[in-house]
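Read top to bottom, the protein sequences are chains A and B.
At position 565 of the first sequence (counting the first as 1) the number is 565 in the working numbering, and the numbers step up by one without a gap.
At position 42 of the second sequence (counting the first as 1) the number is 42 in the working numbering, and the numbers step up by one without a gap.
Think of the hints as simulated: they come from the structure by calculation, not from any bench.
Think of the CB as a built atom: it goes at the ideal place given N, C-alpha and C, for glycine as much as any other residue.
There may be inaccurate statements among the hints.
Lysine-lysine pairs mimicking DSSO-like chemistry, simulated, CA-CA at most 30 Å apart [what the hints assert, rightly or not]:
hint: 1; chain 1: A; residue 1: K331; chain 2: A; residue 2: K137
hint: 2; chain 1: B; residue 1: K32; chain 2: A; residue 2: K122
hint: 3; chain 1: A; residue 1: K232; chain 2: B; residue 2: K32
hint: 4; chain 1: A; residue 1: K326; chain 2: A; residue 2: K135
hint: 5; chain 1: B; residue 1: K64; chain 2: A; residue 2: K135
hint: 6; chain 1: B; residue 1: K64; chain 2: A; residue 2: K246
hint: 7; chain 1: A; residue 1: K486; chain 2: B; residue 2: K64
hint: 8; chain 1: A; residue 1: K135; chain 2: A; residue 2: K331
hint: 9; chain 1: A; residue 1: K232; chain 2: B; residue 2: K73
hint: 10; chain 1: B; residue 1: K27; chain 2: A; residue 2: K486
hint: 11; chain 1: A; residue 1: K245; chain 2: B; residue 2: K27
hint: 12; chain 1: A; residue 1: K190; chain 2: A; residue 2: K137
hint: 13; chain 1: A; residue 1: K137; chain 2: A; residue 2: K424
hint: 14; chain 1: B; residue 1: K32; chain 2: A; residue 2: K99
hint: 15; chain 1: A; residue 1: K139; chain 2: B; residue 2: K64
hint: 16; chain 1: A; residue 1: K99; chain 2: B; residue 2: K27
hint: 17; chain 1: A; residue 1: K139; chain 2: A; residue 2: K122
hint: 18; chain 1: A; residue 1: K139; chain 2: A; residue 2: K2
hint: 19; chain 1: B; residue 1: K27; chain 2: A; residue 2: K246
hint: 20; chain 1: A; residue 1: K20; chain 2: A; residue 2: K2
hint: 21; chain 1: A; residue 1: K245; chain 2: B; residue 2: K32
Partial chain A-side listing against chain B, Cβ under 8 Å, derived [unchecked claim]:
hint: 22; residue: C30
hint: 23; residue: H249
hint: 24; residue: A524
hint: 25; residue: V528
Residues per chain, in single letters:
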Amino acid sequence: MKILLAPLDPVHDAGLKLIKRKLEVLGYECVLLPPDITVEEIGEAAIAEKIDMIFVGRTVGYGVEQLFRRVRHVLTAQGIFGKVRVAIGGMAVTDELAKSLGFEAGYGPHTRIEEIHALIEKNPELARHVTHPVKDKPKFPFPHSNEVKDSTTRKLLDQIVDGILDWTSNKSSPGVVRAQITESQLQEVKGSVESYTALPFTRDYLAQCDENIVDFFQRNTCPSSVRQITQKEIDAYLRRIDIAKKNFHPRVLQHGRTKPLVFVQYGTGCPMMDGMHIKVAESWGADGVLHFDPAWGARTEGLMDGFLTNAEDGTPVTYANLSLIKRSLDKATLWTVRAHRGLNTPEIAVLSGFLGADMTKINIIYGSICGGTDPARLTVDGVEAMRIAARYNMPFDIPTNEELAGSPPHKAFAGMLVMAALGKRLGAQPILKPLLCHGPYVMVNEFMEQNYVDYNFAKIRALQAIADFPIWPGEPIGFMTHTEEKEQSAATTALHAAMCSTLGVDAITTASTDEAFSRGSITADGRVGALRAIEEAFRFFGQTDITPTAQADVWRDEIILGINDVLKKAAQAPSFVEALYSGVFGDKADGVYPGRAGRDSISEIEPTKKVGRWDVDPVMARKISLIAAAARPAVAARRRR
Amino acid sequence: MTTARDTIVDALDIESFVLCESEAEAKELVGKLMQSLGLARFVIVSLDFNGPGAHFRVRAYMNKPGDTYTWLKE
Numbered sequence: 001m002k003i004l005l006a007p008l009d010p011v012h013d014a015g016l017k018l019i020k021r022k023l024e025v026l027g028y029e030c031v032l033l034p035p036d037i038t039v040e041e042i043g044e045a046a047i048a049e050k051i052d053m054i055f056v057g058r059t060v061g062y063g064v065e066q067l068f069r070r071v072r073h074v075l076t077a078q079g080i081f082g083k084v085r086v087a088i089g090g091m092a093v094t095d096e097l098a099k100s101l102g103f104e105a106g107y108g109p110h111t112r113i114e115e116i117h118a119l120i121e122k123n124p125e126l127a128r129h130v131t132h133p134v135k136d137k138p139k140f141p142f143p144h145s146n147e148v149k150d151s152t153t154r155k156l157l158d159q160i161v162d163g164i165l166d167w168t169s170n171k172s173s174p175g176v177v178r179a180q181i182t183e184s185q186l187q188e189v190k191g192s193v194e195s196y197t198a199l200p201f202t203r204d205y206l207a208q209c210d211e212n213i214v215d216f217f218q219r220n221t222c223p224s225s226v227r228q229i230t231q232k233e234i235d236a237y238l239r240r241i242d243i244a245k246k247n248f249h250p251r252v253l254q255h256g257r258t259k260p261l262v263f264v265q266y267g268t269g270c271p272m273m274d275g276m277h278i279k280v281a282e283s284w285g286a287d288g289v290l291h292f293d294p295a296w297g298a299r300t301e302g303l304m305d306g307f308l309t310n311a312e313d314g315t316p317v318t319y320a321n322l323s324l325i326k327r328s329l330d331k332a333t334l335w336t337v338r339a340h341r342g343l344n345t346p347e348i349a350v351l352s353g354f355l356g357a358d359m360t361k362i363n364i365i366y367g368s369i370c371g372g373t374d375p376a377r378l379t380v381d382g383v384e385a386m387r388i389a390a391r392y393n394m395p396f397d398i399p400t401n402e403e404l405a406g407s408p409p410h411k412a413f414a415g416m417l418v419m420a421a422l423g424k425r426l427g428a429q430p431i432l433k434p435l436l437c438h439g440p441y442v443m444v445n446e447f448m449e450q451n452y453v454d455y456n457f458a459k460i461r462a463l464q465a466i467a468d469f470p471i472w473p474g475e476p477i478g479f480m481t482h483t484e485e486k487e488q489s490a491a492t493t494a495l496h497a498a499m500c501s502t503l504g505v506d507a508i509t510t511a512s513t514d515e516a517f518s519r520g521s522i523t524a525d526g527r528v529g530a531l532r533a534i535e536e537a538f539r540f541f542g543q544t545d546i547t548p549t550a551q552a553d554v555w556r557d558e559i560i561l562g563i564n565d566v567l568k569k570a571a572q573a574p575s576f577v578e579a580l581y582s583g584v585f586g587d588k589a590d591g592v593y594p595g596r597a598g599r600d601s602i603s604e605i606e607p608t609k610k611v612g613r614w615d616v617d618p619v620m621a622r623k624i625s626l627i628a629a630a631a632r633p634a635v636a637a638r639r640r641r
Numbered sequence: 001m002t003t004a005r006d007t008i009v010d011a012l013d014i015e016s017f018v019l020c021e022s023e024a025e026a027k028e029l030v031g032k033l034m035q036s037l038g039l040a041r042f043v044i045v046s047l048d049f050n051g052p053g054a055h056f057r058v059r060a061y062m063n064k065p066g067d068t069y070t071w072l073k074e
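Using the sequences and the accompanying hints, generate a full structural model.
Set out below in structure tokens:
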């Protein structure tokens with residue numbers, strides 16, 4: 001087949017040159033006319049060269065419709081139109097325009113050669129992989145050895161983990177009991193949302209709940225910002241989701257690299273708005289999404305049930321809400337449900353596991369010293385949640401947002417490594433989630449005055465030097481570097497994403513361009529803005545890496561030393577919980593302090609299993625014990641009794 | 001009397017996301033939106049359809065170069 005490529009521009013013919021080169025690779029004979037030709041000369045060349053098909057290109061958009069009308073008129077007058085196939089292309093050309101003018105097809109910018117090849121051969125299958133791309137769910141996290149490299153650090157972590165398991169072996173909590181009841185009920189109804197929602201809530205469950213949760217079930221009252229979603233709304237929403245799924249064409253953000261995967265956090269308050277934001281995020285290339293619940297949900301004993309919407313930040317966790325989200329997801333989308341920081345941690349892990357969530361989120365330390373939950377309570381609940389995560393084969397990420405409160409990275413990271421070692425011991429798959437932020441500690445110490453690169457490099461490189469766990473910076477990347485201005489926000493997110501690509505991390509969580517906007521809910525438009533910026537940053541850098549200055553290595557080594565120092569102190573504490581109370585992983589001077597929610601709520605049970613033993617320096621143990629007692633007088637007094 | 005609209009130098013951009021089933025429907029919806037806002041002189045700057053709908057930016061011109069500019073009204 002012989003193809004004529006005709007540029008109808010005074011100077012621009014780059015697109016047709018590119019098409020010529022690619023078509024010749026595919027084996028076609030091509031004739032490319034020079035720029036600055038007349039319409040008549042196109043027809044004359046077609047006749048002289050005995051052409052089978054013509055592609056006419058017009059880069060400039062002005063007057064394109066009139067110009068192509070004239071092309072058709074002249075080619076018809078020359079006896080070519082109708083005998084030789086003719087397609088058009090250009091910046092302002094669409095397939096609709098081309099067909100309305102009688103051409104075989106029209107191609108705008110971003111057309112792939114596969115589409116042109118498919119047209120030439122009249123075989124849509126040749127372009128199916130670009131016109132109807134298929135995205136498979138990645139096996140995440142990517143493979144890692146999950147080993148701590150340094151033997152001293154490993155020994156310290158083992159010692160702390162032994163202590164945690166020993167300490168929790170004879171303890172339970174209302175959260176643990178509710179998780180057991182919930183799991184039993186879900187097993188009874190085989191996970192059916194309708195049957196579960198219709199179940200009468202047992203006295204046993206309500207006995208473990210706060211009054212407002214009891215009122216919800218017994219008096220049908222909701223918190224003031226919460227209302228029940230009607231079945232009519234659900235039905236209409238699901239019809240919208242079906243349309244979105246029908247028209248979905250997956251995008252891949254990564255340009256020539258397999259990682260980092262890009263996750264989007266949602267939690268607008270409403271599962272239906274979340275669902276629509278998720279569909280937008282999936283359509284613009286997100287690989288996964290994370291569920292965020294309201295802050296009050298973490299401080300309340302017990303979960304409500306049914307389809308609920310909240311007029312404020314955070315979407316209530318209920319089995320029905322999560323099931324609605326699950327039903328909205330594309331098959332390729334990874335789904336994480338945050339369980340980590342409150343009084344319902346084990347129960348949320350059960351709900352997530354039953355619904356087939358890909359991952360959950362647990363960090364006893366962050367939840368204890370920054371999330372408002374009592375350290376003793378969350379230690380009991382967190383261990384149980386990790387066991388549940390292991391049982392349901394849900395990897396869990398370990399956020400370290402205590403940095404936002406002012407905790408230095410070495411303290412947050414030491415805690416994260418303890419959680420990783422604990423999770424690994426319990427058979428779960430931990431994922432490190434360092435925060436890439438311009439946080440208070442960094443600001444005060446002016447570590448990012450010169451650039452945002454060096455200190456972030458130091459943090460990730462420190463973790464990579466210590467252990468080989470999956471790393472997923474969040475939450476979101478570039479926290480506290482965003483402003484309310486859209487272009488700035490998209491740019492800082494994209495640049496942090498590019499940096500993470502160089503760092504070889506497994507995934508990132510991205511903000512929307514509304515990250516810094518706190519006077520209203522975020523928008524679908526803001527989701528698109530951030531994802532497009534990331535896509536462009538990945539495209540820009542490709543396989544090229546960002547190089548930090550030598551300062552990054554200096555800070556990396558300081559962070560590693562700091563982490564090991566914290567681990568030594570934690571290992572010397574009378575217990576992990578005492579270490580939390582005494583501020584080993586962050587104290588009031590840093591800006592963090594033990595939470596109060598759920599204080600004095602743990603109960604002693606028959607020990608399940610004796611694990612590990614303590615090897616404590618008595619002087620250090622006494623010192624930490626005194627600090628802990630001062631920080632927690634009521635609990636300390638009770639323990640003494 | 002000068003209105004707030006008169007003080008716009010050149011154009012008012014609106015960027016949002018509409019739920020629809022095709023690119024053609026999105027363009028029609030955006031057109032109707034602009035008409036309903038009384039912004040008849042508009043152009044769709046960008047429009048990207050996928051999944052649940054289309055992300056778009058539409059521009060309503062208040063003053064094009066060469067116009068008698070509204071912001072020169074006394």
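Hints and how they fare:
1. K331/A - K137/A: Distance ~7 Å between K331/A and K137/A Cα, so the pair holds.
2. K32/B - K122/A: violated, 36 Å
3. K232/A - K32/B: Given pair K232/A, K32/B holds - Cα atoms ~27 Å apart, limit 30 Å.
4. K326/A - K135/A: holds, 17 Å
5. K64/B - K135/A: It is violated: about 44 Å lies between the C-alpha atoms, which goes past 30 Å.
6. K64/B - K246/A: violated, 40 Å
7. K486/A - K64/B: Judged against 30 Å, a Cα distance of about 25 Å means the pair holds.
8. K135/A - K331/A: holds, 9 Å
9. K232/A - K73/B: Answer violated: K232/A to K73/B is near 52 Å, above 30 Å.
10. K27/B - K486/A: Holds, because 24 Å separates the two Cα atoms, which is no more than 30 Å.
11. K245/A - K27/B: Cα-Cα ~20 Å, so holds.
12. K190/A - K137/A: holds, 25 Å
13. K137/A - K424/A: Measuring from Cα to Cα gives roughly 24 Å; hence the hint holds.
14. K32/B - K99/A: holds, 24 Å
15. K139/A - K64/B: At roughly 53 Å apart (the allowed maximum being 30 Å), K64/B and K139/A break the hint.
16. K99/A - K27/B: holds, 18 Å
17. K139/A - K122/A: violated, 37 Å
18. K139/A - K2/A: violated, 45 Å
19. K27/B - K246/A: Roughly 19 Å between the alpha carbons, so the hint for K27/B and K246/A holds.
20. K20/A - K2/A: Status holds; Cα separation ~11 Å.
21. K245/A - K32/B: Distance of about 25 Å is within 30 Å: holds.
22. C30: C30/A check fails; min Cβ-Cβ to chain B is 30 Å, beyond 8 Å.
23. H249: Nearest chain B Cβ about 6 Å off; hint holds.
24. A524: holds, 4 Å
25. V528: Hint holds; V528/A Cβ to chain B Cβ min 5 Å, cut 8 Å.
Checked against the numbered hints given earlier, this structure breaks hints 2, 5, 6, 9, 15, 17, 18 and 22; the rest are met.
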